[in-house]
Amino acid sequence: MRFKDKCDAWGLPNDPIDFSAIVCNLPLYLEGLWVTVQLVVMALAIGLILAVPVALLASSRSIWIKALPKAFIYFFRGTPLLVQMFLIYYGFGQFEAIRESFLWPIFREAYWCALIAFTLNTAGYTAEMLRGAIEQTPFGEIEAAKACGMSGALIYRQIILPSAFRRALPAYGNEVIFMLHGSAVAGVITIIDLFGAARIVNSRYFVPFESYITAGLFYLIMTFALIWLFKRLEHRWHAYLRPRET
Amino acid sequence: MRKFIRVIAAAAVLMLGAGLSQAADWSKVRIGVEGAYPPFSWVEADGTLKGFDIDVANALCKEMGAECTLVQQDWDGIIPSLLAKKYDAIIASMSITPERKKKVAFSNKYYNTPAKFARMKGSGIEITKEGLAGKTVGVQRATTHDSFITAEFGDAVTIKRYGTQDEAYLDAVSGRIDLLLADSVAMDDGFLNTDNGKDWEFVGPDFIEEKYFGPGAGIAMRQEDTDLVEKFNAAIAAIRANGTYEAINKKYFEFDVYGD
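Keeping their order, the protein sequence lines are chains A and B.
For what it's worth, our numbering labels the leading residue of the first sequence as 1, then goes sequentially.
For what it's worth, our numbering labels the leading residue of the second sequence as 1, then goes sequentially.
Check each hint, because a few of them may be wrong.
[Stated by the list, open to error] Covered by chain B, per the in silico footprint, the following chain A stretches (three or more residues, Cβ under 8 Å): (1) 86-97; (2) 190-200; (3) 204-217.
It should be emphasised that the hints constitute simulated quantities derived from the structure, not laboratory data.
Everything numeric in this text was worked out from a predicted model, so none of it was measured.
Beta carbons: idealized from backbone N, C-alpha and C, even for Gly.
The whole structure should be built from the sequences, with the hints applied where relevant.
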C-alpha cells in the first residue's frame, strides 16, 4: 500500500474550492476505503464471535463466573477506542518482553494493532447488548422449554439466544455504524485507511475542506448502505412483530 | 428589536475595524509553532514552549518591536490554519519549497541543515536503491523528507508517515521501521543523542538538493501580507548582524546552522 503522487504538476490553482487534488488522488482514497472495509468487517465478525461466550458468562448468576467477562466489558466500554489502540500500538511496543516474543510480528504492524483494538472494543459493546437481551428473555419462554423437556444447552441454543439476537438487532445496527465511524482512528497510527488517505491529501495539497469532505462522503455512503442492510434484516427477523397481512 | 439589531451591527463593524487596523501596523503578531520537533521546538513539562525556533521567534519579534503570541499547532494543519488567519506567521523549521510557495509567502531562510538517514546499529543497511529495497522508512508526513523519499525511493521502500517527528522516533525504538529520514540536526539532538536513540546511527550522504529541500527553513506568511514579509526579512538580517542569532545558535548547536 504505497502512496504514489498521481498529480505530477504541483501547480494547483488557488481557487477557494478545488477538487483537482482529490480527483488525482482518487485511487489513494479507494485504497483507503478498502482498508477501512477490511478492518471493520473483520473486527465486527471476530468481535461478534467473541461477544457470544462473553455475554453468556456475563449473564451468569455466579459472581465468580461473571466477574472476568464483566471486567472485560467495563474496560472496553469505559475507555475511548483511541486510548485502547494507542495502548496496544505504542504501549505494548515499550516492553522488551513483548518485542522479543513470538507475538511481536503481529504487534509490530499497525494494521494488526488496529484490528485487535477494534475487535476487542466491538466485542465489549456487543457482549453488553447481548447480555441485556439474554437477561430480558421472558421467564415464560424458558419455563415452556423446560416443560417440553429441553436440556439447558438446548434451551440456550433454541430459545434464549435466537430471541436475544432478535432483540439486540436494532442496537447492534447502531454498534456497526459506530464501529465504522470509530475506525477512522486507524489513520492516526500510520495506517492509510479512508481517513488516513484524507490526511495525506490534506497535508500535501493544503485542501482540508475538500480532502475531509470527500472522506466524509465515502463514510456517509457506507453508513446508508448499513442502515439499509439492517432495515432489511429487521424486516426479516422481526417479521413476527409486524401486523399480520391479510 | 430593531435597536438591538442596530447595536449588534455597530459592534460587528467596530470589531471588524479593530481587526483591520490591527492587521495594518503589525504591533501584534501571532506566530504558529509546532512544539514537537526538538531541538527546534518542544513543549516543557510545565507546558512552556522551548527551542531554537521559539528563541528565534522571540528575538525577531523583539527586533520588529512587535508583541508576539505563540500558537501551538499540529504540523498537518499548520498551513491551513495560517490561511484561516489563526495566526500571521509560521516559525516551525518549515523548508521553503515551490509547492508551499503556491499557498504561502516565505521570508528568507533562517537556517539550512541537510537531511540524512539513520539506521539501527548493526543492521548494515546501505542507502542505495538495492540496499533500500523492501525496507520500511519512517518520515514525518508532508515534510520535504516525505516528498523526497516518495519521489526518489517510493517504488523500492514502504513509507510510514507520522504526524510528528517524535512519533517516528517512538516507532524506530520499538523496531517498527528500519530507517528514519529526517533533518540531520533535528535527528541528532532529538533522537540519536538521547537515551532512546542510543542504538541508532546516521548512514549515507547528506541530502540537500534544492529541488526537494529548497534553500532552507523560512518563515511562512499569507501571500497578501507583503509588508510583514519585509519586516521579517529585515529582522532576520538584523539579528544575524547584531549577534543575537549567534547567541541563540550557540545555545543549541556547536556549528553554524545558518549554512552558506
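These are the hints, each one checked on the structure:
no. : hint    : verdict
1   : 86-97   : holds (count 3)
2   : 190-200 : holds (count 3)
3   : 204-217 : holds (count 3)
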